[in-house]
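Student: Sequence:
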Amino acid sequence: MTCLSVVPPAPLAHVGGSTGYASIVVNGNTVRYSLTLSASALPPTVAEDVARVRAGRPDSRERLLGHLRDKLALVDHGRRCEPAQGFVDVGGAEADRVTLVMDFACASDVRELSIRDDLFDVLGSDHHTLAKIESGGEIRELAFATEAREARVSLAARQPSREEGSFFRLGVEHILTGYDHLLFLGALLLRGGRLLSLFKIITAFTVAHSITLALAVFGLVAVPERLVECVIAASIVYVALENVCLRDAPSQRWVVSFLFGLVHGFGFASALSPLHLPPRHLALALLGFNLGVEAGQALVVALLLPILVWMRGLRWERRAVQTASGAVALLGFIWFVERLFWV
Numbered sequence: 007m008t009c010l011s012v013v014p015p016a017p018l019a020h021v022g023g024s025t026g027y028a029s030i031v032v033n034g035n036t037v038r039y040s041l042t043l044s045a046s047a048l049p050p051t052v053a054e055d056v057a058r059v060r061a062g063r064p065d066s067r068e069r070l071l072g073h074l075r076d077k078l079a080l081v082d083h084g085r086r087c088e089p090a091q092g093f094v095d096v097g098g099a100e101a102d103r104v105t106l107v108m109d110f111a112c113a114s115d116v117r118e119l120s121i122r123d124d125l126f127d128v129l130g131s132d133h134h135t136l137a138k139i140e141s142g143g144e145i146r147e148l149a150f151a152t153e154a155r156e157a158r159v160s161l162a163a164r165q166p167s168r169e170e171g172s173f174f175r176l177g178v179e180h181i182l183t184g185y186d187h188l189l190f191l192g193a194l195l196l197r198g199g200r201l202l203s204l205f206k207i208i209t210a211f212t213v214a215h216s217i218t219l220a221l222a223v224f225g226l227v228a229v230p231e232r233l234v235e236c237v238i239a240a241s242i243v244y245v246a247l248e249n250v251c252l253r254d255a256p257s258q259r260w261v262v263s264f265l266f267g268l269v270h271g272f273g274f275a276s277a278l279s280p281l282h283l284p285p286r287h288l289a290l291a292l293l294g295f296n297l298g299v300e301a302g303q304a305l306v307v308a309l310l311l312p313i314l315v316w317m318r319g320l321r322w323e324r325r326a327v328q329t330a331s332g333a334v335a336l337l338g339f340i341w342f343v344e345r346l347f348w349v
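In the numbering used here, the protein residues as written are 7 to 349.
Accuracy of the hints is not assured; some may be wrong.
Here are the simulated distance ranges between beta carbons [stated by the list, open to error]:
{"#": "1", "residue 1": "MET317", "residue 2": "ASP127", "range": "40 to 50 angstroms"}
{"#": "2", "residue 1": "VAL261", "residue 2": "GLY142", "range": "34 to 44 angstroms"}
{"#": "3", "residue 1": "PRO49", "residue 2": "GLY142", "range": "34 to 44 angstroms"}
{"#": "4", "residue 1": "ALA255", "residue 2": "ALA53", "range": "38 to 48 angstroms"}
{"#": "5", "residue 1": "HIS83", "residue 2": "LEU233", "range": "45 to 55 angstroms"}
{"#": "6", "residue 1": "ALA53", "residue 2": "SER114", "range": "37 to 47 angstroms"}
{"#": "7", "residue 1": "PHE339", "residue 2": "GLU156", "range": "26 to 36 angstroms"}
{"#": "8", "residue 1": "ARG324", "residue 2": "THR183", "range": "47 to 57 angstroms"}
{"#": "9", "residue 1": "THR329", "residue 2": "LEU305", "range": "47 to 57 angstroms"}
{"#": "10", "residue 1": "THR51", "residue 2": "VAL229", "range": "33 to 43 angstroms"}
Note that these hints are calculated values from the structure, not bench results.
Every residue, glycine too, gets a C-beta built ideally from N, C-alpha and C.
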């Protein structure tokens, strides 16, 4: 039996929560579950156990594996698969990943697998897990979150609508908890000008990040993650300072939105790229994820636009924009320093 290795993104790749990558390999009546996590994004108690495993402490190893035994339930046709042997791979001393592996023994060959993932009780409510299920040469994709802990997969027939729907939900959550992306978009719209100008800004950002999201996920373009995250933070600072310093709304702000949107697309890609899915499966996952991102973005814009239009006629509008933009610039600068040095 093979265990697929999935490498998580570097720390701070996404501001709003951590992401784990699960490989679930079905072989007859045995299911091997492998979960790869970013060590730097773990809660303190779990991170301490990882450090102790690196130091050769077997009790901490068993405690980590105990999370899989206690918080993960695999069921085939109503019969629970029993956890068997497992191991922990913490990599080298400088590695930022830890992989928990557990074999589950089912009563018979698995035909319909139900999964209940309660690891969010340990890893935090803002954690997400992207799962790749492999059985008989077929691959299926699922996304788990604290409010979406259960999934059922028929290994006899593919169920695309349910699987791609989970990536749509992940895309919505990704943008709504991606505070760096939201702050950049909000800073752009603060001094966006008239409605037509605002429409151009939103469209340019959408088109740009969709292009680079697809290019990065399909492996056609690769950019160092630290560079991407630093430029995303710098884009927030640039647009916010432009709001403070310029008296009138920039006439070509949509160009800035497009150029920086290209970089933000690489940031979105960090959620899907580590899955290493085959092209056909990846295309469906990408479609669902990108539609979710756009839906979440549309929701945010729909909430912001009435406020921005109302502010246009107020005497203190410029002062409010400058004050808010100054705070945004400061936060963007803090993120830039953190990402530059991976604090």
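Student: Hints first: check each against the structure and report whether it holds.
Tutor: Evaluation of the provided hints:
{"no.": "1", "hint": "MET317 to ASP127: 40 to 50 angstroms", "result": "42 angstroms, holds"}
{"no.": "2", "hint": "VAL261 to GLY142: 34 to 44 angstroms", "result": "50 angstroms, violated"}
{"no.": "3", "hint": "PRO49 to GLY142: 34 to 44 angstroms", "result": "36 angstroms, holds"}
{"no.": "4", "hint": "ALA255 to ALA53: 38 to 48 angstroms", "result": "46 angstroms, holds"}
{"no.": "5", "hint": "HIS83 to LEU233: 45 to 55 angstroms", "result": "49 angstroms, holds"}
{"no.": "6", "hint": "ALA53 to SER114: 37 to 47 angstroms", "result": "39 angstroms, holds"}
{"no.": "7", "hint": "PHE339 to GLU156: 26 to 36 angstroms", "result": "42 angstroms, violated"}
{"no.": "8", "hint": "ARG324 to THR183: 47 to 57 angstroms", "result": "31 angstroms, violated"}
{"no.": "9", "hint": "THR329 to LEU305: 47 to 57 angstroms", "result": "25 angstroms, violated"}
{"no.": "10", "hint": "THR51 to VAL229: 33 to 43 angstroms", "result": "34 angstroms, holds"}
Consistency note: the structure conflicts with the earlier hints numbered 2, 7, 8 and 9.
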